[in-house]
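*Asks:* Work out the full structure: start from the sequences and follow the hints.
Chains as they are written, first to last, in the working numbering: chain A, 35 to 488; chain B, 894 to 1292; chain C, 16 to 358.
If you're looking for bench data, these hints aren't it; they were derived computationally from the structure.
We treat Cβ as the ideally placed atom computed from N, Cα and C, and that holds for glycine.
Zero decoy hints are in this set.
Estimated spans, in silico, between C-beta atoms of each pair: (1) A:228 with B:1204: 54 to 60 Å; (2) C:87 with B:1238: 25 to 31 Å; (3) A:321 with B:1001: 53 to 59 Å.
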Amino acid sequence: MSFSKLTRRGLIKTGAAASAGLALPTYLRADGHTGFTNAPTGDTVTLGFNVPQSGPYADEGADELRAFELAVEHLNGGGDGGMLQTFSSKALDGTGILGKKVNFVTGDTQTKSDAARASAKSMIEKDGAVMISGGSSSGVAVAVQALCQEAGIIFMAGLTHANDTTGKDKRANGFRHFFNSYMSGAALAPVLANAYGKDRKAYHLTADYNWGYTTEEAVRSSTEAMGWETVNAVKTPLTQTDFSAYIAPVLQSGADVLVLNHYGGNMVNSLTNAVQFGLRDKEVNGKKFEIVVPLYSELMARGAGANIKGILGSQNWDWKLEDQLGSRYSGTNAFVQSFGTKFGFPPSQAAHTCYVQTLLYADAVTRAGSFNPCAVVEALAGFEFDGLGNGPTLYRADDHQCFKDVVVVKGKENPENSFDLVEIVEVTPAEQVTYAPDHPQFAGGSLGTCNPGA
Amino acid sequence: MFGLDKKDAGLLLIVAILALAAPFILNPFPEGSAMAQFNAGYPDLMQRLVIFGIFAIGFNILFGLTGYLSFGHAAFLGVGSYAAIWMMKLLTMNVIPAIIVSVMIAGLFSLLVGWISLRRSGIYFSILTLAFAQMSYALAYSVLTPITGGETGLQPKYTDPRILDGALPDGQMPRANLFGLDMKDGFELVMGNWVFTFNAGYYIAAVVMLLSFYISIRIFRSPFGMMLRAVKSNQQRMNYTGLNTKPYTLAAFVISGMYAGLAGGLLVAMDTQVGAERMFWTASGEVVLMTILGGAGTLIGPVLGAGFIKYMENIVSKINKTVLEQWFAFMPDGIEDVMVALVYPFVGKGWHLTLGLLFMLVVIFLPGGLVEGGQRIGNLFRSKKAKDTSPDGSKTPAE
Amino acid sequence: MDAIILQILNGLDKGSAYALIALGLTLIFGTLGVVNFAHGALFMIGAFCAVTFSKLLTLSHIVIDDTQKDFLGNPLKVEVPYIYDFFGQTTGDAIIDWAVPLSIIFCIPIMIAIGFIMERGLIKHFYKRPHADQILVTFGLAIVLQEVIKYFYGANPIPTPAPEVFAGSFDFGAMMGFAENTIIYPYWRLVYFAFAAVIIGAVFAFLQFTTFGMVVRAGMADRETVGLLGINIDKRFTIMFGIAAAVAGLAGVMYAPINSPNYHMGMDFLVLSFVVVVVGGMGSLPGAVLAGFLLGILESFASMSAVLEFLPGINQIIIYLVAIIILLTRPRGLMGRKGVMEE
Chain A
35 MSFSKLTRRG LIKTGAAASA GLALPTYLRA DGHTGFTNAP TGDTVTLGFN
85 VPQSGPYADE GADELRAFEL AVEHLNGGGD GGMLQTFSSK ALDGTGILGK
135 KVNFVTGDTQ TKSDAARASA KSMIEKDGAV MISGGSSSGV AVAVQALCQE
185 AGIIFMAGLT HANDTTGKDK RANGFRHFFN SYMSGAALAP VLANAYGKDR
235 KAYHLTADYN WGYTTEEAVR SSTEAMGWET VNAVKTPLTQ TDFSAYIAPV
285 LQSGADVLVL NHYGGNMVNS LTNAVQFGLR DKEVNGKKFE IVVPLYSELM
335 ARGAGANIKG ILGSQNWDWK LEDQLGSRYS GTNAFVQSFG TKFGFPPSQA
385 AHTCYVQTLL YADAVTRAGS FNPCAVVEAL AGFEFDGLGN GPTLYRADDH
435 QCFKDVVVVK GKENPENSFD LVEIVEVTPA EQVTYAPDHP QFAGGSLGTC
485 NPGA
Chain B
894 MFGLDKKDAG LLLIVAILAL AAPFILNPFP EGSAMAQFNA GYPDLMQRLV
944 IFGIFAIGFN ILFGLTGYLS FGHAAFLGVG SYAAIWMMKL LTMNVIPAII
994 VSVMIAGLFS LLVGWISLRR SGIYFSILTL AFAQMSYALA YSVLTPITGG
1044 ETGLQPKYTD PRILDGALPD GQMPRANLFG LDMKDGFELV MGNWVFTFNA
1094 GYYIAAVVML LSFYISIRIF RSPFGMMLRA VKSNQQRMNY TGLNTKPYTL
1144 AAFVISGMYA GLAGGLLVAM DTQVGAERMF WTASGEVVLM TILGGAGTLI
1194 GPVLGAGFIK YMENIVSKIN KTVLEQWFAF MPDGIEDVMV ALVYPFVGKG
1244 WHLTLGLLFM LVVIFLPGGL VEGGQRIGNL FRSKKAKDTS PDGSKTPAE
Chain C
16 MDAIILQILN GLDKGSAYAL IALGLTLIFG TLGVVNFAHG ALFMIGAFCA
66 VTFSKLLTLS HIVIDDTQKD FLGNPLKVEV PYIYDFFGQT TGDAIIDWAV
116 PLSIIFCIPI MIAIGFIMER GLIKHFYKRP HADQILVTFG LAIVLQEVIK
166 YFYGANPIPT PAPEVFAGSF DFGAMMGFAE NTIIYPYWRL VYFAFAAVII
216 GAVFAFLQFT TFGMVVRAGM ADRETVGLLG INIDKRFTIM FGIAAAVAGL
266 AGVMYAPINS PNYHMGMDFL VLSFVVVVVG GMGSLPGAVL AGFLLGILES
316 FASMSAVLEF LPGINQIIIY LVAIIILLTR PRGLMGRKGV MEE
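*Replies:* Written out as structure tokens, the structure is:
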């Protein structure tokens, strides 16, 4: 056929035009001497920040992106250094990572696993990213984590709360700093028992997908262990916007606590609807009716407005931690100071976890002395650190999950501004939320071994 | 050639050349230059371009020929994907059985959906297909989680049975392959500052796309295709002549469902993961947009439309403020800030805005889609007088 | 029994939102023959009218308070709404509290203007184009509109509460002799239901009893003949488009306290409202309203836990399932006319 000739001629032409001389085919798989995917060559290294920029979580993604930007600035020696000063590991010195200046590329996950993988792949294949971070949902985290494992890239999860990320879908190349459903349940249960008593009847509304299931299971098992009774658990479709049909029968059931296992837009709407029904002004079984939201997020609290007043939930971190609970949570103020100065408002927990993950990755590379994912995995697994805002923290080697204190918060009665919507009720120490790696809620997966790609 | 007339053979040849030379064509800018942002010649995007091309070609067989507007085609893509990933989990990581099964399952599912939906026409048909697709999505995301993985989707795991494959060496991830040829294999050609990536997976997908394109040309030119066009222009008259049109439309529906399943299977072959979102109604809407944007009823249009949308999604969404600042760095400070502020809302997180505006512009000014745009440019070069007499003149909106 | 009454109430309320959107959609379809995918976006813009109006009311100037510190340790900037300066704090707060109902006045002219601009500037050129083109161009417009809103308001939902007096819920059960707290319903949702009933009634009365309405109905049946009679039907259709936009906008304004508005709420409603219109029968106004209420009630029943135990997941698919069954048994929906959108 004629086209082979055409191509060859085209090729020669292009080659001549580029005056490149020799064309050197190199095998992708044998990406040479370095032995791992996207080994940084020049004097820069590229990180990929894959966050939701369109869709309902776009604002959360924007906050994550700000944190990444700040982390890169600090790694490259710009700004006031943020948490680099308070971080217990002193390997980072503000000259980039291993002397290479940090560059970053961004992408849009659209909070869809397909789009997130496409975006992550373009970072890996086109931009040569050696680490991917970010994300705002567990579906995306699990999908991108699996991709990074295949490609031989490190994945530092952003906001992902389902047990599966470090449970049945865990991967050797993936790491999660954020807390999980189990920890929420374990941290909340004692606080709930204190605040509302041990003789309560709970009604669960659960988002009908993986994260909802794991959260319901975690909250149910820890509250039931404490003496609560679960009256009913109803699954609500993800695409639901009006929850009135689910909330209306709650009072009839004889329940006196409503647990909303919802996140994001679902949470804003279900909570708003529940408050509209006046549930919080009712008395059932001689007790004041209460609502609980296991996973809080500042942005969603803002969306729900006054409806969150007095409602208990858990968080990974809060920007007021160090001010209110002392220097155990050092790093918090340093981060809030540099973030607030740069952007004019305090950071969210999503921003915090993304910032910390970037620093932890950079530190692990520096301590390992190599960008090789296997070296990084070795440096991070079982790593104990402090000074990143959560108090002493362990990156457990068995499942690559961080173990640290969990913050229990409550919607503030009289917020002073739109960033000060929650108050810290209590901090549950790490020991209370630690579980065995083979805990039934996390069973069914294996890390496998690290994959350097190439 | 291959039973095609000269014009069609030429078209096929052009598409073949474009597909085979894509690593060059899509990477026009040297590495490291500011314009490298616009390079699309990396394996993942090239694969997606051809796979969604297949999806759109299939959709066009139904919509372009019969005029039946299905709003639920993503369901067939999704069902195909699930079938393929289960083949990979249970049978073998070889892509051949996965793709064959995905086409078959999608074909069966589209037979069922088509058999029911084709009882109605017009918008009633569209809503029926939409309803089936939305039900598939909702169920796959929630109650069918044990089969579909729900929110977190399905990926092949080290621990899957895979009865045809030998045990994996320790630490080795299961990789999709074609008789041992890894989909991620390939080589890079470095020429000066240009880097061209040739990827095995892409070429496999491209060959499948060419085959699909060829089959679609044959369908368009066959008596069967003529029959479908007749249905589009006046179904009633067809019925009055004593002809039952349903077997023809159902066949077209199933063929296009199988194309969607093929695309779904290939997606899994290239990137071994499935999530329920690929069945959401916006995904069905996307293939409609691809087809109309490119030019419904034309052979090449859907492929162009698919390429256009996937390119926007993957390239424009990655342009962030830092990139813009680099581009305009040569300008004086004040002007640079103004330029960045002007362009920023349209790129990065604003890529949807650009997409929406482009849809509107194309539909308003190019009723025949991108293909018509190409023809107009072609006409411009051929003769300037042709403009007034062109048959499309009447279709353009009155100003 | 009480559970069933409760879900019927619920469904009526849910259905009133569906019915309002579907009504506007049908007005546009029935009069102009245009499939308007931007209708959900109009609903969303309506909700954002409420947001904008309450933002305007709370438009503030900044007073620096040296006695307090912000989170960075700088002097606190206290925002004082201008409205306090004009009316004093008590009246000011009362006005802010009533922002949502007040924004109806603000919303109607804006929505009518948007409707006019849309029809004259864009839709007009698409009357003779295929439905697929209409869908594509209005879909593009919907994306553009929602991205513009996102650019100014962000992606996060914005809380827009109803006036304080409507907080809490009404106990129907106690009124009808059931036990306390078994059938409760939020006041604002009752307001919404009543509001929807008034709007629907007004639209029907307008079409039924005014000369203008008569001409429009004649135009819906046979546009050409009405034109031949020397009536400028185009102008009236433009006005109808404005009215349809206002109906969608009003549905949105009053919906803002029920669910905090966000930029993609229109897309969330779009598919659903199309299903409602088609189930009701393309081009039939009573059909759209009927189908809206019917689907609302069925959706409420499907979400009962007693039902979910037998049929897990039925709440996910009920609307679509009903749509399929109705379209298969009644070819043109509940009250559709022959020959509409079947080519």
